[in-house]
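Given next are the chains, with one letter for each unit.
Protein chains: 2
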Amino acid sequence: MEKPFYTLPYEELPEQWYNLAADLPGAMHPPLTSDGTPATPESLSAVFPMNLIEQEMSDQRWIDIPEEVRDIIARWRPTPLRRAVYLEKALDTPARIYYKDESVSPPGSHKPNTAVAQAWYNKQAGIKQLTTETGAGQWGSALAFACQLVGLHCKVFMVRISFDQKPSRKIMMRVWNADCVPSPSETTEFGREMIAENPDTPGTLGGAISEAVQEAVGDPKGETRYALGSVLNHVMLHQTVIGLEAQKQLQQAGEKHPDRLIGCCGGGSNFAGLAFPFLSEKVNGSDIDVIGVEPTACPTMTRGRFAYDYGDSAESTPLLPMHSLGHRFVPSGIHAGGLRYHGMAPLVSHAVEQGLVDPLALDQLECYNAALLWSRTEGAICAPETSHAVAAAVREARKAREEGKERCILFNYSGHGLMDLSAYQNYLDGQLQDSTLSDQELEKGLKILDENPAP
Amino acid sequence: MEKPFYTLPYEELPEQWYNLAADLPGAMHPPLTSDGTPATPESLSAVFPMNLIEQEMSDQRWIDIPEEVRDIIARWRPTPLRRAVYLEKALDTPARIYYKDESVSPPGSHKPNTAVAQAWYNKQAGIKQLTTETGAGQWGSALAFACQLVGLHCKVFMVRISFDQKPSRKIMMRVWNADCVPSPSETTEFGREMIAENPDTPGTLGGAISEAVQEAVGDPKGETRYALGSVLNHVMLHQTVIGLEAQKQLQQAGEKHPDRLIGCCGGGSNFAGLAFPFLSEKVNGSDIDVIGVEPTACPTMTRGRFAYDYGDSAESTPLLPMHSLGHRFVPSGIHAGGLRYHGMAPLVSHAVEQGLVDPLALDQLECYNAALLWSRTEGAICAPETSHAVAAAVREARKAREEGKERCILFNYSGHGLMDLSAYQNYLDGQLQDSTLSDQELEKGLKILDENPAP
Chain A
1 MEKPFYTLPY
11 EELPEQWYNL
21 AADLPGAMHP
31 PLTSDGTPAT
41 PESLSAVFPM
51 NLIEQEMSDQ
61 RWIDIPEEVR
71 DIIARWRPTP
81 LRRAVYLEKA
91 LDTPARIYYK
101 DESVSPPGSH
111 KPNTAVAQAW
121 YNKQAGIKQL
131 TTETGAGQWG
141 SALAFACQLV
151 GLHCKVFMVR
161 ISFDQKPSRK
171 IMMRVWNADC
181 VPSPSETTEF
191 GREMIAENPD
201 TPGTLGGAIS
211 EAVQEAVGDP
221 KGETRYALGS
231 VLNHVMLHQT
241 VIGLEAQKQL
251 QQAGEKHPDR
261 LIGCCGGGSN
271 FAGLAFPFLS
281 EKVNGSDIDV
291 IGVEPTACPT
301 MTRGRFAYDY
311 GDSAESTPLL
321 PMHSLGHRFV
331 PSGIHAGGLR
341 YHGMAPLVSH
351 AVEQGLVDPL
361 ALDQLECYNA
371 ALLWSRTEGA
381 ICAPETSHAV
391 AAAVREARKA
401 REEGKERCIL
411 FNYSGHGLMD
421 LSAYQNYLDG
431 QLQDSTLSDQ
441 ELEKGLKILD
451 ENPAP
Chain B
1 MEKPFYTLPY
11 EELPEQWYNL
21 AADLPGAMHP
31 PLTSDGTPAT
41 PESLSAVFPM
51 NLIEQEMSDQ
61 RWIDIPEEVR
71 DIIARWRPTP
81 LRRAVYLEKA
91 LDTPARIYYK
101 DESVSPPGSH
111 KPNTAVAQAW
121 YNKQAGIKQL
131 TTETGAGQWG
141 SALAFACQLV
151 GLHCKVFMVR
161 ISFDQKPSRK
171 IMMRVWNADC
181 VPSPSETTEF
191 GREMIAENPD
201 TPGTLGGAIS
211 EAVQEAVGDP
221 KGETRYALGS
231 VLNHVMLHQT
241 VIGLEAQKQL
251 QQAGEKHPDR
261 LIGCCGGGSN
271 FAGLAFPFLS
281 EKVNGSDIDV
291 IGVEPTACPT
301 MTRGRFAYDY
311 GDSAESTPLL
321 PMHSLGHRFV
331 PSGIHAGGLR
341 YHGMAPLVSH
351 AVEQGLVDPL
361 ALDQLECYNA
371 ALLWSRTEGA
381 ICAPETSHAV
391 AAAVREARKA
401 REEGKERCIL
411 FNYSGHGLMD
421 LSAYQNYLDG
431 QLQDSTLSDQ
441 ELEKGLKILD
451 ENPAP
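Going down the list, the protein sequences come from chains A and B. Residues in the first sequence are numbered consecutively from 1, following the numbering used here. Residues in the second sequence are numbered consecutively from 1, following the numbering used here.
Treat the hints with care, as some may be off.
[Claimed, not checked] To give a feel for the contact side, a few chain A residues facing chain B, derived at Cβ under 8 Å: (1) A74; (2) R376; (3) M419; (4) L421.
[Claimed, not checked] For each label pair, taking beta carbons as the anchor points, the in silico distance ranges come out as: (5) A:E67 / B:K128: 50 to 60 Å; (6) B:G26 / A:S422: 49 to 59 Å; (7) A:N426 / B:E223: 25 to 35 Å.
Bear in mind the hints are in silico, worked out from the structure with no lab data behind them. The beta-carbon is built from N, C-alpha and C at its ideal position, and this holds for glycine as well.
Whenever a hint applies, use it, and build me the whole structure from the sequences.
If you want it as structure tokens, here you go:
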């Protein structure tokens, strides 16, 4: 049989993160404050610690990973590169399908790669508590995990409907000593406003972000900061360990480079983590098709607009240059909660604009179909988000068969689906429909970008 | 930092299973039919295929692992041997704590090691369907997974109360194409009897075993067999890949042998999988304390009797020589469902009788306390069953500190707790009590052994 996986010893855990900003063609647009001037480090310092703001604005190609951060992520890294031997057989494809297995971390996804780094830098800066928001709980549990290991307190604002409906992630956060409160809450001004407006509101991710930021900024001792799980440059940076490890492992497997590289895209971080080191190869001439997969329910890159937009609905973040559906856009309630974000990481958006990344939108039915095929051939159960990458890999493998081409396909297996089994049940029960965004809803979302054009 | 984990390449996956029966001192007692005569291979052939019956009765020391079985278990094997660096620090112990991480399989535990082998041998024997029982769903999901990959149909009788209360494992089985029905069911004679007796019965594991056996034996085409997830010799055999890998990995770590080896014990299979290869070293003179940990709620080895007893409550299995609390014993409803079995594997029982294994019973409160410490230092969340091994390792590490001794502790991390988070919630809410079995309940259970003494 083909060798089914490639490991790396502890000693080969990357010692530096790779910063794509150093190599991207075309000038990056800076983040802006709401008055239209470029955001300064100082203007961000109430929200983030200065050491992370420096990373956010850095154009240095390689940035050292602190030894303590390496020690902590070495609990589950380097992650295996696996070959999907049985899926290949089932598809009768000449393609070789590899996947980087990020599901092996204790919280079950790639998220702790940046959670640990962010917690550590905050701790170094003397911060005592981090706040954040979470939808289904994937990011909240990753930050709770990281704060517990680093020694910070963590407070998570969880969108109320998920707080009520999804107890498991909430218990994980509690096991890791975090406070998890439903959002809107009574503890922030914005939360109280939301409740006053509609006492029965199910909450929104944008509202939870606003609450988490207000809670951080409002700490009278100045010992609280906010942490974001995707979108920002330093988050993409921390995730590049994924691609750097995969480069070495593909070499072990005798592959020169992937012909197709695939990741699912919500805010962009797992995709960036795998893709950015390979984009550096691509910029230098390697022939790699890099595919970012988003849901048709939230088609930021394929149907959104590249514009300056806010990161949250309350307009409390700087304006970021990104593909966006408008910061008040509310996507339909698909199970892939991690892909329900109105914007896209500025670095990913820039790479799309430069033609380095091809966006692809897939509907959830195709994705669950592929996820079931995956479980029934490879055995593991993937997260609803990850199913988008699986579905794109299946498409590419079928194409390779049709074209009779041997191709190397690599995708990011961003997380397992063990906390999302009800999604599979709904699919098997025939309760899921095509979730493609209507033109009308799209226009409604984009309108805010016309009403509030970038300064 | 200390090296946090030791991997093995695919090529070092064991090529043979180790059979402790070849090396155990003292003659093993044979299984008996209900008339008191030794069970013959033929008498078992309606329940199991002949190739597995041969393994069950074999005293050959090494048995080849079929290449296809190796290929399938190579999806997650060799599993990592990890060092619990952060727990060591928290306990300020001179002990070195290693654990074999069996939680990395797609169903989340060691169970698929034997599920895959059993499915494969049944397939070779021309069988089309396997039946089994499951309590909380760990074993049922592992067999569903294995049958799907090998190409058999799988039917799981799940104890009704778990069927109603624990949807996640049920969905996993469905994803893997298995039929999962609540037990008692209307599809077997024994099930109908149970329902007639008490229409609202929550079901029992013993009843579910009886239903699964009846379903297998009753197939008019003779194409159905039954699979058991623990207790039997061939199940222990299939699990020895765990210990065989650990022996190589401990060598990598520069350890001669563990001073303390620990596993939790329900039917005995995860314990046996790690311990048996090391018991072979012990029989040959190595100084290893081997500790089997059971719950005080189901203290088979520490308070049960070594006797001939049935494997199920309906007395449909042969009589097995084992430590037992009586085959009608119903343990209290602790979350560690995998440890709620009235008997112990005959091979493990024999090793206890020979003084090779020291049994230890721990109460659930001590175990959850240790599991929380584990999650908050090491990061991962362990299964309720596994918490018993963690708690014993913590005890030994504290003892090493008190005695000022450097010691090598090795335990089996049999599964993750991601499907069992409600157990953690109950513990954190203070809803769990000391679950130690009362003398009165113990006597009630053992009575059946006096009423029906071994022939």
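When the structure is checked against the list of hints, which entries are broken? Sort them ascending.
No numbers; nothing is violated.
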